[in-house]
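Undergrad: What follows is each chain in one-letter form.
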Amino acid sequence: MKVLLIEDDQEAANFVVSSLSQLGHQAEHHVDGQAGLVAALSGDYDVLLVDRRLPSLDGLSIARRLRAADIKTPLIFLTTMDGIDDRVDGLDAGADDYLVKPFSFSELRARMDAVMRRFEKHPVPTESIQIGDLKIDLVKRIARRGGEDIHLQPREFKLLEYLARNAGQVATRTMLLEQVWGINFDPKTNIIESHISRLRSKIDGNDQEPMIKTVRGAGYMLHAF
Amino acid sequence: MLGYFLIAIIFLWMMFSYISTTVWRNTETHIDWKYEALTSDLGPSPESEIRRRISSYIKTSDPFAEIYILQDRNGKTVETNYPYQAILDDDWIVLDDFDEDSCERLMALQNEVRLPLQCQDSIHEEHDEGPNLGWFSISSISEILPLPNETEGYVGRVGKIGDYKLLVGRSLDLVDETRDAASFLTLIIIPISLLMALLVGLFVSRNVRARLKVINDRCNEIETSGNLSLRVPDTGPDDEYSILTSHVNGMLGRLDKAVQNIQAVSDDLAHDLRTPLARLKYNFETALSKKSSTKVDLQTALQKGLDETDSLLETFSAILRVSQIQTGKRKTKFQDFNLSDTIDLISEIYEPQAQENGHDLQCHTSADDMALFGDQEMITQMLSNLVENSFEHGGQNLKIKLSAKQLDGQIIIALADNGNGVSQEDLPNIFDKFYRGDKSRQNPGNGLGLSIVKAVADLHDAKITARENDPGLFVEIIFQSTSQRP
Numbered sequence: 013m014k015v016l017l018i019e020d021d022q023e024a025a026n027f028v029v030s031s032l033s034q035l036g037h038q039a040e041h042h043v044d045g046q047a048g049l050v051a052a053l054s055g056d057y058d059v060l061l062v063d064r065r066l067p068s069l070d071g072l073s074i075a076r077r078l079r080a081a082d083i084k085t086p087l088i089f090l091t092t093m094d095g096i097d098d099r100v101d102g103l104d105a106g107a108d109d110y111l112v113k114p115f116s117f118s119e120l121r122a123r124m125d126a127v128m129r130r131f132e133k134h135p136v137p138t139e140s141i142q143i144g145d146l147k148i149d150l151v152k153r154i155a156r157r158g159g160e161d162i163h164l165q166p167r168e169f170k171l172l173e174y175l176a177r178n179a180g181q182v183a184t185r186t187m188l189l190e191q192v193w194g195i196n197f198d199p200k201t202n203i204i205e206s207h208i209s210r211l212r213s214k215i216d217g218n219d220q221e222p223m224i225k226t227v228r229g230a231g232y233m234l235h236a237f
Numbered sequence: 083m084l085g086y087f088l089i090a091i092i093f094l095w096m097m098f099s100y101i102s103t104t105v106w107r108n109t110e111t112h113i114d115w116k117y118e119a120l121t122s123d124l125g126p127s128p129e130s131e132i133r134r135r136i137s138s139y140i141k142t143s144d145p146f147a148e149i150y151i152l153q154d155r156n157g158k159t160v161e162t163n164y165p166y167q168a169i170l171d172d173d174w175i176v177l178d179d180f181d182e183d184s185c186e187r188l189m190a191l192q193n194e195v196r197l198p199l200q201c202q203d204s205i206h207e208e209h210d211e212g213p214n215l216g217w218f219s220i221s222s223i224s225e226i227l228p229l230p231n232e233t234e235g236y237v238g239r240v241g242k243i244g245d246y247k248l249l250v251g252r253s254l255d256l257v258d259e260t261r262d263a264a265s266f267l268t269l270i271i272i273p274i275s276l277l278m279a280l281l282v283g284l285f286v287s288r289n290v291r292a293r294l295k296v297i298n299d300r301c302n303e304i305e306t307s308g309n310l311s312l313r314v315p316d317t318g319p320d321d322e323y324s325i326l327t328s329h330v331n332g333m334l335g336r337l338d339k340a341v342q343n344i345q346a347v348s349d350d351l352a353h354d355l356r357t358p359l360a361r362l363k364y365n366f367e368t369a370l371s372k373k374s375s376t377k378v379d380l381q382t383a384l385q386k387g388l389d390e391t392d393s394l395l396e397t398f399s400a401i402l403r404v405s406q407i408q409t410g411k412r413k414t415k416f417q418d419f420n421l422s423d424t425i426d427l428i429s430e431i432y433e434p435q436a437q438e439n440g441h442d443l444q445c446h447t448s449a450d451d452m453a454l455f456g457d458q459e460m461i462t463q464m465l466s467n468l469v470e471n472s473f474e475h476g477g478q479n480l481k482i483k484l485s486a487k488q489l490d491g492q493i494i495i496a497l498a499d500n501g502n503g504v505s506q507e508d509l510p511n512i513f514d515k516f517y518r519g520d521k522s523r524q525n526p527g528n529g530l531g532l533s534i535v536k537a538v539a540d541l542h543d544a545k546i547t548a549r550e551n552d553p554g555l556f557v558e559i560i561f562q563s564t565s566q567r568p
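Chains as they are written, first to last, in the numbering used here: chain L, 13 to 237; chain D, 83 to 568.
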């Protein structure tokens with residue numbers, strides 16, 4: 013994967029670049045906003061990681077100009093500005109996601125995967141999702157595994173739907189809170205753990221192959237067999 | 083000032099000449115009217131008719147105000163109320179016109195007899211109707227027409243009616259009275275009034291300046307000393323200046339409070355952040371200095387440091403969040419949302435944890451659909467902080483009740499627990515930033531949870547109160563739900 017990082021903090025940039033390199037990704041780093049924009053305009057990258065505050069051209073302007081130039085490369089803001097308005101402004105400017113510093117690399121990776129996936133597989137309206145022997149009917153809001161109906165609470169269904177839509181990818185705690193519960197702060201409760209555990213007992217019951225995997229230090233993943 | 087006087091003088095002069103012209107014009111009109119009344123439509127025997135008319139006029143008129151003299155062709159007076167002998171002679175009484183020559187003649191005459199002379203252009207302007215009409219001033223001929231008593235003279239009109247000569251005159255006293263009144267008005271009353279207005283103006287402006295000086299001096303003092311606790315003294319009566327003063331003081335009060343708040347926050351930051359930062363430093367120093375430290379020891383120390391850093395970052399985020407909410411910028415994002423859904427979400431988020439910790443969390447709304455105009459995300463955060471506050475400071479085996487009800491167009495959210503509660507002296511301060519009652523100091527948290535609650539309530543113009551629940555804490559937030567809709 014080819015990543016462009018526009019970030020004026022050298023330490024933070026080193027952290028991201030070295031972590032990406034370790035995973036075998038190719039990362040290019042620019043300190044200056046203007047130079048970063050020029051590079052990004054080539055459309056030569058798989059994903060853009062952009063700081064909000066940059067010398068010569070700020071992140072919001074970069075995002076706007078890229079979108080105006082019809083460059084649709086997925087873009088994630090990496091920023092210390094964590095107000096709700098800041099997040100909304102960032103997404104309005106054309107970013108695909110918004111990550112507040114300091115973040116763990118696993119969070120960044122999960123989000124990069126998610127935006128890439130969204131970008132590659134344009135979400136087509138679908139009536140059902142089939143993963144292994146698990147079938148999720150999105151219209152009737154029912155899940156079946158191995159021919160047996162699974163009774164799910166609305167929130168559990170939503171959680172399963174999100175995991176299924178991103179099957180094979182890590183969904184972090186904050187991603188789940190945002191996407192499934194619609195909250196942008198961490199309530200510091202075991203809400204996710206308890207829902208995952210309930211969901212697990214429902215879909216992985218009866219000694220079937222466990223489908224929901226815990227990725228240590230990162231989040232959860234619905235296994236695609 | 084000189085300009086003011088000049089303008090006043092020009093104004094007075096214009097006023098005086100206008101009044102005096104008007105007085106003359108009125109006098110003329112009056113005489114004309116009388117003359118016309120006597121001489122028009124005399125019928126077949128004009129001489130006897132005019133005599134009859136004059137005699138009836140004489141009966142009702144005051145000889146000191148108006149005189150009538152009718153003479154026949156021989157100069158013999160046939161009707162009059164004038165007590166002296168008068169000779170109406172064309173040569174020197176009847177003036178066809180008040181041209182310059184006539185005026186000079188009369189002036190010369192006046193010098194001789196030392197009597198006042200009226201020689202106004204305006205007298206004759208409209209009366210050039212024929213050779214037998216003329217205007218004169220009797221005062222100029224008072225040798226022949228002796229003046230009764232103190233009368234200054236007469237002004238009148240002479241004309242021929244057939245063979246008769248008629249004089250209609252009006253006492254100058256009447257004219258002079260009016261003119262005197264006008265003079266008195268324009269030369270004495272108005273100047274005095276103007277002078278008084280000037281003095282009052284000076285007094286008022288001195289007063290204004292004095293009162294503004296008080297405000298200016300105090301503002302200057304605050305500006306130079308930076309002492310925001312100073313206030314502008316309210317010296318005068320209840321007027322615009324005291325309103326201004328109270329506005330300035332109100333602003334200073336707000337500013338003072340804001341600065342105090344910032345000072346308090348920075349003091350607290352120093353305390354609340356320096357302590358964990360110091361701990362972090364000791365932790366790393368200790369781990370590094372121990373020669374015997376194993377890899378596990380170092381990892382433990384690093385993990386401890388990481389946890390400490392996380393908690394520091396959280397405190398920072400909370401501080402930023404409070405100040406961001408307080409700027410009120412988010413009001414633009416207000417919209418109607420269903421509060422019941424939010425309460426359900428809170429129940430869903432905290433119920434499992436409550437059970438795990440042996441608490442009993444009950445969430446209740448009086449209706450399934452409860453529209454609140456506001457920022458849903460902020461309200462969620464607020465309710466979440468309230469519940470977390472009970473969890474953190476309430477103690478063991480709590481009964482927590484979170485409820486929302488609609489009443490008289492208001493939406494009332496209440497949280498009640500039966501935990502440790504807050505002492506009376508701590509109650510007024512629990513919404514202050516970083517405030518932690520003595521009882522809660524040992525508990526986790528950064529002392530910002532309830533200030534976020536308060537900030538969100540303030541953002542929604544909601545009224546928030548906290549009181550003892552005997553035992554426990556009771557917090558109530560009242561939203562004026564419908565009235566805020568734009």
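By construction, these hints were calculated from the structure, which means they are not laboratory data. Keep in mind the model is a prediction, meaning the values are calculated, not measured. Using N, Cα and C, we set each Cβ at its ideal position, and we do this for glycine too. You may find that some hints are simply not true.
Straight-line distance between alpha carbons at most 35 Å, and here's what the computed DSBU-like set of lysine-lysine pairs gives [stated by the list, open to error]: (1) D/LYS363 x L/LYS200; (2) D/LYS158 x L/LYS113; (3) D/LYS116 x L/LYS113; (4) D/LYS481 x L/LYS200; (5) L/LYS225 x D/LYS377; (6) L/LYS214 x D/LYS158; (7) L/LYS225 x L/LYS214; (8) D/LYS487 x L/LYS113; (9) D/LYS339 x D/LYS373; (10) L/LYS14 x L/LYS152; (11) D/LYS386 x L/LYS225; (12) L/LYS152 x D/LYS415; (13) L/LYS214 x D/LYS415; (14) L/LYS170 x D/LYS487; (15) L/LYS170 x D/LYS363; (16) D/LYS141 x D/LYS116; (17) L/LYS152 x L/LYS170; (18) D/LYS415 x L/LYS84; (19) D/LYS373 x D/LYS415.
Which chain L residues face chain D? A few, computed with CB under 10 Å, are given here [unchecked claim]: (20) GLN34; (21) LEU35; (22) MET93; (23) ASP94; (24) LEU164; (25) ARG167; (26) PHE169; (27) GLY194; (28) HIS207; (29) ASP219; (30) PRO222.
Undergrad: If a hint holds in the structure, say so; if it doesn't, say that too.
TA: Verification of the supplied hints:
no.: 1; hint: D/LYS363 x L/LYS200; in the structure: holds, 26 Å
no.: 2; hint: D/LYS158 x L/LYS113; in the structure: violated, 127 Å
no.: 3; hint: D/LYS116 x L/LYS113; in the structure: violated, 107 Å
no.: 4; hint: D/LYS481 x L/LYS200; in the structure: holds, 20 Å
no.: 5; hint: L/LYS225 x D/LYS377; in the structure: holds, 30 Å
no.: 6; hint: L/LYS214 x D/LYS158; in the structure: violated, 145 Å
no.: 7; hint: L/LYS225 x L/LYS214; in the structure: holds, 14 Å
no.: 8; hint: D/LYS487 x L/LYS113; in the structure: violated, 39 Å
no.: 9; hint: D/LYS339 x D/LYS373; in the structure: violated, 52 Å
no.: 10; hint: L/LYS14 x L/LYS152; in the structure: violated, 40 Å
no.: 11; hint: D/LYS386 x L/LYS225; in the structure: holds, 27 Å
no.: 12; hint: L/LYS152 x D/LYS415; in the structure: holds, 34 Å
no.: 13; hint: L/LYS214 x D/LYS415; in the structure: violated, 39 Å
no.: 14; hint: L/LYS170 x D/LYS487; in the structure: holds, 29 Å
no.: 15; hint: L/LYS170 x D/LYS363; in the structure: violated, 44 Å
no.: 16; hint: D/LYS141 x D/LYS116; in the structure: holds, 15 Å
no.: 17; hint: L/LYS152 x L/LYS170; in the structure: holds, 13 Å
no.: 18; hint: D/LYS415 x L/LYS84; in the structure: holds, 28 Å
no.: 19; hint: D/LYS373 x D/LYS415; in the structure: violated, 57 Å
no.: 20; hint: GLN34; in the structure: violated, 19 Å
no.: 21; hint: LEU35; in the structure: violated, 22 Å
no.: 22; hint: MET93; in the structure: holds, 9 Å
no.: 23; hint: ASP94; in the structure: holds, 6 Å
no.: 24; hint: LEU164; in the structure: violated, 14 Å
no.: 25; hint: ARG167; in the structure: holds, 6 Å
no.: 26; hint: PHE169; in the structure: violated, 13 Å
no.: 27; hint: GLY194; in the structure: holds, 8 Å
no.: 28; hint: HIS207; in the structure: holds, 8 Å
no.: 29; hint: ASP219; in the structure: violated, 26 Å
no.: 30; hint: PRO222; in the structure: violated, 21 Å
Hints 2, 3, 6, 8, 9, 10, 13, 15, 19, 20, 21, 24, 26, 29 and 30, counting from the list given before, are not met by this structure.
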